[in-house]
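**Q** Take these sequences, add in the hints, and give me the full structure.
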Amino acid sequence: MDSVEVALVDVKARRRLSAAPLPGAPGAGPGTGEAGAGEAVAGEPGMFPVAPALRELLPRGGLARGSVVTVPDSGLLCMAVVAAASADGAWCAIAGMPEAGLAAGAGLGLDLERTLLVPYLGSVTGGSVTGGSVTGGSVTGGSVTGGSAGWPQVVASLLDGCELVLVRPPSRASAQVRQRLEATLRRARGVLVVAGDWPGAQVRLRVTAQGWTGLGDGFGRLRACCAEVVADGRGEAARAKTRWLWLPAEDGTVSVADPADIPLGMPGEEPGRGGLRVVNGG
Amino acid sequence: MSEPRATRETKPPASRVMVLRCPGLCADDVASGKRPAERGADPGAEREVARAFESVIQAVTEFCPAVEAVEPGVCAFAARGPARYFGGEEAVAGKIIAAVADLGIECRIGVADGLFAARLAARENARHDAREDAHAGAHAGAHGDAMTLIPPGTTGEFLGRQPVTVLADPELAGLLIRLGIRTLADLATLPVKDVANRFGAVGTAAHRLASGYDPRPVAVRPPAEDLSVAQEFDPPETSAEPLVFAAKTLAEQLHAGLAAKGLSCVRVQVYARWDDGRELSRLWRHDGLLTAVQVADRVRWQLDGWRAGPEAAKEVGGVVLLRLGPDQLVRATGQQLALWGEAVVTDRVARAAMRVQALLGHDAVLRPSLSGGRNVAEQVTQRPFWDKGEPRFPRDRPWPGQIPGAAPACVFSEPRAAEVTDDGGQPVTVSGRCVVSGIPAALTVGGDAPREVTGWAGPWPLTERWWEPDEVSRRARFQLVTDDGRAWLAAVRDGRWQIEGGYWLWAGTIRRFRGGNCRSG
Chain R
3 MDSVEVALVD VKARRRLSAA PLPGAPGAGP GTGEAGAGEA VAGEPGMFPV APALRELLPR
63 GGLARGSVVT VPDSGLLCMA VVAAASADGA WCAIAGMPEA GLAAGAGLGL DLERTLLVPY
123 LGSVTGGSVT GGSVTGGSVT GGSVTGGSAG WPQVVASLLD GCELVLVRPP SRASAQVRQR
183 LEATLRRARG VLVVAGDWPG AQVRLRVTAQ GWTGLGDGFG RLRACCAEVV ADGRGEAARA
243 KTRWLWLPAE DGTVSVADPA DIPLGMPGEE PGRGGLRVVN GG
Chain D
3 MSEPRATRET KPPASRVMVL RCPGLCADDV ASGKRPAERG ADPGAEREVA RAFESVIQAV
63 TEFCPAVEAV EPGVCAFAAR GPARYFGGEE AVAGKIIAAV ADLGIECRIG VADGLFAARL
123 AARENARHDA REDAHAGAHA GAHGDAMTLI PPGTTGEFLG RQPVTVLADP ELAGLLIRLG
183 IRTLADLATL PVKDVANRFG AVGTAAHRLA SGYDPRPVAV RPPAEDLSVA QEFDPPETSA
243 EPLVFAAKTL AEQLHAGLAA KGLSCVRVQV YARWDDGREL SRLWRHDGLL TAVQVADRVR
303 WQLDGWRAGP EAAKEVGGVV LLRLGPDQLV RATGQQLALW GEAVVTDRVA RAAMRVQALL
363 GHDAVLRPSL SGGRNVAEQV TQRPFWDKGE PRFPRDRPWP GQIPGAAPAC VFSEPRAAEV
423 TDDGGQPVTV SGRCVVSGIP AALTVGGDAP REVTGWAGPW PLTERWWEPD EVSRRARFQL
483 VTDDGRAWLA AVRDGRWQIE GGYWLWAGTI RRFRGGNCRS G
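One line per chain: the protein sequences are R and D, in this order.
By my numbering, the letter at position 48 of the first sequence is numbered 50, and the numbering carries on one by one without gaps.
By my numbering, the letter at position 504 of the second sequence is numbered 506, and the numbering carries on one by one without gaps.
Hints were generated in silico from the structure; no laboratory data involved.
Just so you know, these numbers come straight off a predicted model, no measurement behind them.
Treat the hints with care, as some may be off.
Here are a few chain D residues that sit away from chain R, every Cβ distance over 12 Å (derived from the structure) [what the hints assert, rightly or not]:
{"no.": "1", "residue": "Cys28"}
{"no.": "2", "residue": "Glu70"}
{"no.": "3", "residue": "Gly106"}
{"no.": "4", "residue": "Asp171"}
{"no.": "5", "residue": "Thr191"}
{"no.": "6", "residue": "Asp196"}
{"no.": "7", "residue": "Asp365"}
{"no.": "8", "residue": "Val382"}
{"no.": "9", "residue": "Arg385"}
{"no.": "10", "residue": "Pro471"}
{"no.": "11", "residue": "Glu473"}
Computed list of lysine to aspartate or glutamate pairs in EDC-like fashion (alpha-carbon distance at most 20 Å, straight line) [said to hold, decoys possible]:
{"no.": "12", "chain 1": "D", "residue 1": "Lys390", "chain 2": "R", "residue 2": "Asp113"}
{"no.": "13", "chain 1": "D", "residue 1": "Lys390", "chain 2": "R", "residue 2": "Glu238"}
{"no.": "14", "chain 1": "D", "residue 1": "Lys390", "chain 2": "D", "residue 2": "Asp349"}
If you want the footprint, here are the derived chain R segments under chain D, 3+ residues with CB under 8 Å [as the list claims (entries may be wrong)]:
{"no.": "15", "segment": "89–103"}
{"no.": "16", "segment": "108–121"}
{"no.": "17", "segment": "162–173"}
{"no.": "18", "segment": "213–227"}
C-beta: ideal position from N, C-alpha, C; glycine also.
**A** Right, dumping it as structure tokens:
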């Protein structure tokens with residue numbers, strides 16, 4: 003079950019298996035894309051790689067398995083977080099975001115061949131339908147059994163199958179639901195990216211300013227967006243880090259913005275059209 | 003003039019075909035050419051009709067094992083063998099009519115050389131055609147008007163008298179009638195190459211029918227066999243484990259039954275009935291790849307998914323019947339798995355996808371792929387997990403008119419209504435020659451407060467599918483940047499502005515935030 007098929011068939015994965023993962027190499031983000039259920043050393047800090055531009059923002063330069071990352075809402079940022087890991091061979095599920103622009107995601111490196119979409123997460127709340135003895139039958143994989151149906155159960159199922167799960171919860175998750183999903187997440191050793199609020203998330207990412215270049219007064223076209231991304235969170239990530247990124251850069255990927263290039267319309271200066279504006283920092 | 007006759011004489015004598023037609027069960031009337039869908043048949047009644055017809059075929063099989071179901075309500079078989087055994091075509095037809103009448107179903111039988119003529123003979127109004135022609139030897143037999151026998155060798159004359167409307171092609175028939183060709187004899191007299199020149203393949207096929215050539219011999223229908231397996235539970239089973247265990251045994255039986263016939267099924271139907279009469283049925287992709295345990299897993303998920311649904315709020319009873327049925331039987335040819343170039347769905351992912359499908363339905367889990375198309379919404383094709391197919395807009399074609407540059411991070415399947423005004427507060431319009439009436443200054447999306455437009459480009463006109471009156475779409479697209487740092491993909495269609503996508507880094511509740519001086523860093 004443990005990705006035998008991948009090892010046999012997927013050439014990429016085979017290459018990855020032969021390249022021994024560097025244990026605990028900081029920032030390097032060694033390829034750890036194979037289905038993670040059977041990884042040998044328990045407690046090994048397995049990390050999913052992220053795009054080079056995002057490494058400095060994240061603790062230990064990658065996405066720690068079993069961790070929760072939040073972004074304020076769906077959009078390019080959440081896809082940028084998981085794109086490199088997806089390109090590296092991990093499966094990615096995008097749930098509750100019917101409007102996700104996957105063409106833009108593919109430009110960032112998201113591999114659509116290994117992407118599952120669940121655009122609508124069904125019922126908004128947990129229905130709490132415990133139907134006597136019939137519910138006694140346990141669910142395979144021991145995820146969220148009985149009790150709350152609805153979106154947490156869908157997300158738990160996705161966590162069992164996909165290493166990376168992007169979700170915009172249709173309703174606020176109660177502490178109990180969060181605990182259950184986090185337990186599933188730790189067991190499945192994946193990464194949950196929540197577009198919304200999730201108290202206790204290891205890393206919180208948000209965009210505090212953004213500005214597009216390339217558009218004039220009736221001419222040009224949108225070329226790239228310069229954004230200020232702030233990361234904070236718990237533990238290692240507690241100290242807030244701020245980076246200017248091109249998100250997306252002109253080639254559709256994400257890269258670090260050179261301070262000289264930042265199209266910043268400072269308040270005192272002439273407020274150039276298309277310049278940066280501060281938006282709600284969430 | 004004698005040419006077609008000559009061709010008809012040189013062809014091998016057509017075999018005698020007996021056609022049985024149940025007027026009450028017919029979905030398709032040859033004369034009117036109506037399809038059941040047009041008559042608004044409901045699926046329940048359709049199933050009832052199919053079941054009745056199945057019993058008719060069973061009855062006919064008693065007399066002749068090789069029966070072809072031509073279409074709903076019509077079946078055919080070679081008449082020679084049964085006629086010899088039962089002592090004449092009339093005797094067989096009489097026995098069959100009696101047997102079908104015992105089922106409470108009315109039927110008519112026609113016998114002629116070839117399937118097409120026999121079908122015409124089985125129609126109700128064929129009767130008096132044949133009677134008029136008593137000298138030709140057609141007769142109505144002991145069962146009165148329930149059968150029409152066209153004696154061997156006279157099928158040509160019988161066919162020749164039929165109007166061209168029997169060709170079940172109203173368009174062609176109408177054209178032929180306007181050209182003065184009213185009967186099949188008229189059509190058959192025409193040289194075949196002229197017919198082919200004027201009417202193409204359809205005309206040639208009609209000409210062949212009119213000349214007494216059947217498109218194909220009667221195909222033998224393999225005896226229907228129910229390969230589904232079922233288990234009843236008495237007393238009703240209320241816990242899931244015994245059901246799943248039973249499902250595993252059933253799946254083994256099903257696989258053994260299929261393998262014995264060298265068959266495999268594309269999908270497997272899992273059907274469960276509760277003691278209070280509720281039913282639950284779902285089709286699962288099988289492709290001959292699932293083991294018995296995997297089928298049992300699907301039964302478990304299906305029961306779980308049902309329990310999670312709103313239906314379960316009611317009192318949960320026990321399951322009285324569990325049935326597994328193969329759907330779409332195909333020859334088992336083995337499976338070749340993708341070697342490379344295609345991401346292989348691992349067991350783990352497949353199981354997760356199916357569990358979510360069990361919870362939310364088959365269409366809830368999609369796999370995207372990049373495709374072509376001129377609009378942002380068309381550039382990703384989403385198809386339900388397990389389904390295969392080609393994208394509607396292939397990616398390897400040129401798609402002039404695509405918006406260049408970065409793809410929007412948000413693509414709305416339903417465009418949002420918007421308003422764009424110029425400095426004077428007047429709505430910005432785009433003329434038929436793609437001239438913008440004013441410079442966009444403010445953008446209002448839905449119920450949000452207006453945003454100041456700080457940059458714009460366009461219009462990029464796009465006219466699509468102008469050859470399809472229902473699908474024609476004429477739009478002028480714009481890119482807009484507003485003072486909150488967001489970029490928008492907007493379009494003017496029928497004089498109205500709409501937002502097709504957004505380039506911002508996050509979506510959802512759109513809040514306005516003004517003032518560029520609160521950045522601390």
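**Q** Now, for every hint given, state plainly whether the structure supports it.
**A** Now the hints, each set against the structure:
Every CB of chain R lies more than 12 Å from the CB of cysteine 28 of chain D, the least distance being 42 Å, so the non-interface label holds. With a least CB separation of 44 Å from chain R, glutamate 70 of chain D remains clear of the 12 Å interface cut-off, as annotated. Every CB of chain R is more than 12 Å from the CB of glycine 106 of chain D (nearest about 42 Å), matching its label as outside the interface. At the 12 Å boundary, the C-beta of aspartate 171 of chain D stays outside the reach of chain R, the nearest C-beta of that chain being 44 Å off.
At roughly 61 Å from the closest C-beta of chain R, the C-beta of threonine 191 of chain D stays outside 12 Å, upholding its exclusion from the interface. For aspartate 196 of chain D, the non-interface assignment is confirmed: its Cβ lies about 54 Å from the closest Cβ of chain R, beyond the 12 Å cut-off. Remark: the non-interface label on aspartate 365 of chain D conflicts with the geometry, its nearest Cβ contact in chain R lying 10 Å away (cut-off 12 Å). For valine 382 of chain D, the condition that its CB be more than 12 Å from all CB atoms of chain R is violated, with the nearest at approximately 4 Å.
The claim that arginine 385 of chain D lies off the interface is violated: its Cβ sits roughly 10 Å from the closest Cβ of chain R, which falls inside the 12 Å cut-off. Consistency note on proline 471 of chain D: stated as away from chain R, and its beta-carbon is indeed over 12 Å from all of that chain's, at 30 Å minimum. Remark: the non-interface label on glutamate 473 of chain D is consistent with the geometry, its nearest Cβ contact in chain R lying 22 Å away (cut-off 12 Å). The straight-line distance between the Cα atoms of lysine 390 of chain D and aspartate 113 of chain R is roughly 18 Å, inside the 20 Å bound, and the hint therefore holds.
Using a Cα cut-off of 20 Å, the hinted pair lysine 390 of chain D and glutamate 238 of chain R is violated, with the two alpha carbons roughly 45 Å apart. Pair hint lysine 390 of chain D plus aspartate 349 of chain D holds up; C-alpha atoms about 18 Å apart against a cutoff of 20 Å. Only residues whose beta carbon comes within less than 8 Å of a beta carbon in chain D count, and the segment 89–103 of chain R has 6; three or more means the coverage holds. For the segment 108–121 of chain R, the assignment as covered by chain D holds, since 11 residues bring a beta-carbon within under 8 Å of that chain's beta-carbons and 3 suffice.
Requiring three or more residues with a Cβ within less than 8 Å of a Cβ of chain D, the coverage given for the segment 162–173 of chain R holds, as 4 such residues are present. With 14 residues having a Cβ less than 8 Å from any Cβ of chain D, the segment 213–227 of chain R passes the three-residue criterion, so the hint holds.
Of the numbered hints stated above, those contradicted by the structure are hints 7, 8, 9, 13, listed in ascending order.
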